[in-house]
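Number of protein chains: 2
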Amino acid sequence: MVTVHDVARAAGVSISTVSRALASPERVAAPTRERVTAAARELGYRPNRAASGLRAGRTGALGLVVPDLANPYFAAVAKGAQARARERGLGLFVVDTEEDPRLEVESVSGLAPQTDGLVLCSPRAVDRSVEALGRRPVVLVNHHVAGLTSVVVDHATGMLRALEHLRALGHRRVAYVGGPERSWSDARRREGLAAAAERLDDVEVVELGAFRPQVSGGRAAADLVVATGATAVVAFNDLVAVGLVERLRARGLDVPADLSVVGCDDAYVAELVTPPLTTLRSDLADVGRVAVDRLSALVGAPPAAGGPETEEARAVELVVRSSTAPPRSTGPSSP
Amino acid sequence: MVTVHDVARAAGVSISTVSRALASPERVAAPTRERVTAAARELGYRPNRAASGLRAGRTGALGLVVPDLANPYFAAVAKGAQARARERGLGLFVVDTEEDPRLEVESVSGLAPQTDGLVLCSPRAVDRSVEALGRRPVVLVNHHVAGLTSVVVDHATGMLRALEHLRALGHRRVAYVGGPERSWSDARRREGLAAAAERLDDVEVVELGAFRPQVSGGRAAADLVVATGATAVVAFNDLVAVGLVERLRARGLDVPADLSVVGCDDAYVAELVTPPLTTLRSDLADVGRVAVDRLSALVGAPPAAGGPETEEARAVELVVRSSTAPPRSTGPSSP
DNA sequence: TCGATGGCTGCGAACGTTTGCATCGTAACC
DNA sequence: GGTTACGATGCAAACGTTCGCAGCCATCGA
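Sequences listed follow chains A and B, in order.
Just so you know, the numbering used here puts 227 at position 151 of the first sequence, and the rest follows in order with no gaps.
Just so you know, the numbering used here puts 116 at position 40 of the second sequence, and the rest follows in order with no gaps.
You may find that some hints are simply not true.
Unchecked claim - Distance ranges between label pairs, derived from CB positions:
| id | chain 1 | residue 1 | chain 2 | residue 2 | range |
| --- | --- | --- | --- | --- | --- |
| 1 | B | Glu388 | A | Gly246 | 53 to 61 Å |
| 2 | B | Asp176 | A | Gly133 | 48 to 56 Å |
| 3 | A | Gly376 | B | Glu175 | 40 to 48 Å |
| 4 | A | Ala389 | B | Glu388 | 41 to 49 Å |
| 5 | B | Ala373 | A | Gly133 | 30 to 38 Å |
| 6 | A | Arg178 | B | Pro384 | 36 to 44 Å |
| 7 | A | Ala373 | B | Glu393 | 43 to 51 Å |
Stated by the list, open to error - Some, not all, of what chain B presents toward chain A, calculated at C-beta under 8 Å:
| id | residue |
| --- | --- |
| 8 | Arg122 |
| 9 | Pro143 |
| 10 | Leu145 |
| 11 | Ala152 |
| 12 | Val291 |
| 13 | Val345 |
Simulated from the structure, these hints should not be mistaken for laboratory data.
By construction, the Cβ of each residue, glycine as well, lies at the ideal position given by its N, Cα and C atoms.
Construct the complete structure from the given sequences, taking the supplied hints into account.
Listed below in structure tokens is the structure:
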């Protein structure tokens, strides 16, 4: 392993000069700087992160905590976060908590000391996790607690767009198939729908209880949706929407003729299934990137400041495909 | 931050004893050990990875390099790898190379010094990457080079199972829609198919050129498949299979009545599309776990040994769904 | 010509841990 | 009872880097 000492010897300077030439180039004379950088390049010098972190108090690494890496939603966020971390020359530890609050807290407390800060994505035990990370900077994704920085998808506007679309098609009674009980996103979506319904005034929203955010959840919800007499339904995510379509068809109902279905997230299944799903697309890679940006800012900031509380909402876009259409002329369906 | 010194003071011992009590408990007397562990627990002591890595020469972290985190295939491998790394008390840096060979080499050379070893998943520039990581241990996933440890999916057996299945249904002419030109997996699949065809002797395989491993690749391949006169087709992965089905249907052909389709990977789209795809499932999380296991073994091993070359094949399972059926004209096989 | 100024550079301590070696005390053995 | 041997513990050096401080030299002003 090639160290500062090797570079120093090759360049004919002291190790301090090597360190400075690479870390703060303006503090060293141009000719020296060039000799050093040339030597470093030639020898293939790579600073030892552990050593520099030890002395400087920074590790040069961030942590990303997600409930489920195999979920395309979180995979997309992770991809964006990783890309930005790389651009900034930072390493990124990725941890999958398997949706387990205990594992989440444990991971956070284990990760915190060896990183400069953490991104907590859709945390399941946010209070204990925040406690576990001590004074380490943190950015929350799709969650919010007072005093912390967070990056969230603009669910409220998303729900408004969905409802506008359905209303324009002629729907007046819309069901919402909700996600996990303790999901922050689900709560925001319900709020958004309620607000949108009030604003559009002649659309009625029927909220349905907690369902698993999987295809199975959609299957389970389908019959309840039919029973509400709604002519359209908004699902917690695309998988739930797929499950809905599956069960509705099994009952002999047509999508979108008998019931329009709107998904969320624009996971790539949305355009593969039949019919392709109308859905709300959010740029998840962007969410990951922004989260890392905000975290970097926090890491650079003086520890006393703590950073102001912010909740940054990222745009959502309605993607219209074939799962939504005007309701049957007769109006509300009769089961 | 609480250090060994704090723990030592609290337990009334020296810092060496603290270090030993926690790292190699058998080397310290039981009562002392207990005093130390109690103090450590009480103070919430977390060893500083940077410091311990600096002195011991190990970082306590591994690296995982994948071409595309958003690809469910690699996301699944990453999930498995992460889980096992956590179980072993190791951190896992995850890097997404965006399928870019240059970025891959750069990532490897940046990651190598700050990890104890790397898992390279479906590398796109394996030679230069291996060179870039110096003497650092490495495990290859779905690739193989002489002298290195690798974990691969048993494509040969997979192809045999697929061909057996199709032959039993009565198919005698089977097309293969291949993946990217330089893909190691694709090469293995072609070999496997050829071997299987020879073994089954009355089945003929028609190989089709390189296609993108996406839905679009399948669409592009569909007409060529039809032109071959094959009654069944095996696709490089499930997305390609979906594209095939899409285009075939657009041409008025029925799957599986006119053409049987077999995918690969059992990505979760496989069971969501119509018809649900018969596919070859490999346990990708398991591949990730095993890769980390092998890497840990390499890290522990004496550096001189270098570890023996191995190529460990993980099992593949045929999952039969509705996209395969007997060919239209002939009944069940009657030689 | 001399002192002051300021830009570059080198020295050495420190970060928190591990570990080879020395030390101490005690038990075992003759 | 004296010697040996060994287990338990402490001391201090080292890992590779950063950074405060000090020294050096040249330039500039008086």
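Hint numbers not upheld by this structure, sorted from lowest to highest: 2, 3 and 9
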